[in-house]
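Visitor: In the order they appear, the protein sequences are chains A and B. Going letter by letter, the first sequence gives residues 1 to 155 in the UniProt record's numbering. Going letter by letter, the second sequence gives residues 1 to 155 in the UniProt record's numbering.
Hint data in this document are derived by calculation from the structure and do not stem from the laboratory. As the structure is a prediction and not an experimental result, all values here were calculated from the model. Treat the hints with caution; some may be incorrect.
[Unchecked claim] Each pair of labels, with its calculated beta carbon distance range:
1) A:Gly-26 <-> B:Glu-49: 34 to 40 Å
2) A:Arg-125 <-> B:Leu-24: 28 to 34 Å
3) A:Asp-4 <-> B:Arg-153: 31 to 37 Å
4) A:Ser-143 <-> B:Asp-139: 50 to 56 Å
5) A:His-128 <-> B:Arg-65: 23 to 29 Å
6) A:His-119 <-> B:Gly-134: 45 to 51 Å
7) A:Lys-151 <-> B:Asp-4: 47 to 53 Å
8) A:Leu-152 <-> B:Phe-149: 46 to 52 Å
9) B:Arg-65 <-> A:Leu-24: 25 to 31 Å
10) A:Leu-24 <-> B:Leu-152: 46 to 52 Å
11) B:Gln-5 <-> A:Asn-8: 50 to 56 Å
12) B:Asp-37 <-> A:Asp-4: 57 to 63 Å
13) A:Glu-154 <-> B:Gly-71: 27 to 33 Å
Think of the CB as a built atom: it goes at the ideal place given N, C-alpha and C, for glycine as much as any other residue.
Protein chains: 2
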Amino acid sequence: MSYDQPSNEYFMQQALNEAKQAFLEGEVPIGAVLVKDGQLLVSDHNRKEQLGSATAHAEKLVIERANKLVGNWRLTGCQLFVTIEPCVMCCGAIIQSRLPELFYGAKDPKFGAVASLYHVLEDSRANHFVSVQGGLMADEAASLMQDFFRKLREN
Amino acid sequence: MSYDQPSNEYFMQQALNEAKQAFLEGEVPIGAVLVKDGQLLVSDHNRKEQLGSATAHAEKLVIERANKLVGNWRLTGCQLFVTIEPCVMCCGAIIQSRLPELFYGAKDPKFGAVASLYHVLEDSRANHFVSVQGGLMADEAASLMQDFFRKLREN
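Modelling step: build the complete structure from the supplied sequences, incorporating the hints.
Guide: Structure representation (C-alpha cells):
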C-alpha cells in the first residue's frame, strides 16, 4: 500500500477555500497554505480588517505560523500556495524565510511583486533562490477577487 | 511654558539604543521606533533568532505593535525611525500601513530596498507616497553592524 502525495491542485484548492472564507468575512479574498514534506502544515487567509493589522496578509500569516510550528525561521523543504501573486512585503517574507518554492494563482497587476510590478524572487543579487509557478487555478482565484470588488462597489 | 517636540536625532538615538540591545542579545543590531504626533509610541529591535521568526525585523515589529495600539492598520500621522535601510519586506510593510514618513540611518547595500537594491518607496505606481530621509546618525548605526559581524567572524 502506498500513499500518493496530494497534487498541487489539491493544495491550491485548500488555499481557494481559505480565500472563500476571507470573502465571507469581508476581507479581500486571498488564501494561502504552507506545505511541508508533502503535507499541509498550516492554512490561513487575509485578515487585515479583522485584526486591524497592515501586515495580516495570508502569506505572511502562514509563514509566521509555520515558523512557530517548525521552531525555526528557515522554512526548508516547504512550499507556499497562495491564490494571488504576492506583494512586495510578502515576497520579502518568502525570501526572509528561505522558502524554496512558491505556487500562485492569478497575477496582481497593481501590487504583485513576482511578475507584475517587480521580479523580486528572480533577483540574482538576493542570497536565496525561489522556484516559482504562477497561474495555478488562476481563473477561480481571479473570479473571487472580481466578485469581491464588484460587491464592494455596489454597496 | 511650552514643550518642544523631541528632535529627529532624539528619536534615532532611541532606535540606536534598541539596536544596542539587539547586539547584546546576539541579534543583528537593528532598532526601530515609531512616533505618533511627536511622541514615541513603540520601540523594538530585531528579534529574528530569539523568536525563530523570519519576519521579526525591528521595523515590522514596531509597525504591528503600533497597529494594535492605534487600533487601525493605517498609521496616519506616524513616523518610523530605523537604524538601517529597510529590506523589501519592511518597505512593503511601510507601504501596507500607509506610513507617511521614514527616517533611516545607514544604507544596506546587500538588502536595502529604499535606495540600494530597489527604490520601492519612490514607485509612482504605488498607491502611497512615503517621505524618506536617509543617513540620520548613519555612522553609529553602521559601526554597530560592523562590530557585530566582526565579532561573529571571530567566534
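Visitor: Which hints, by number, does the structure contradict?
Guide: The structure breaks hints 3, 6; every other hint is satisfied.
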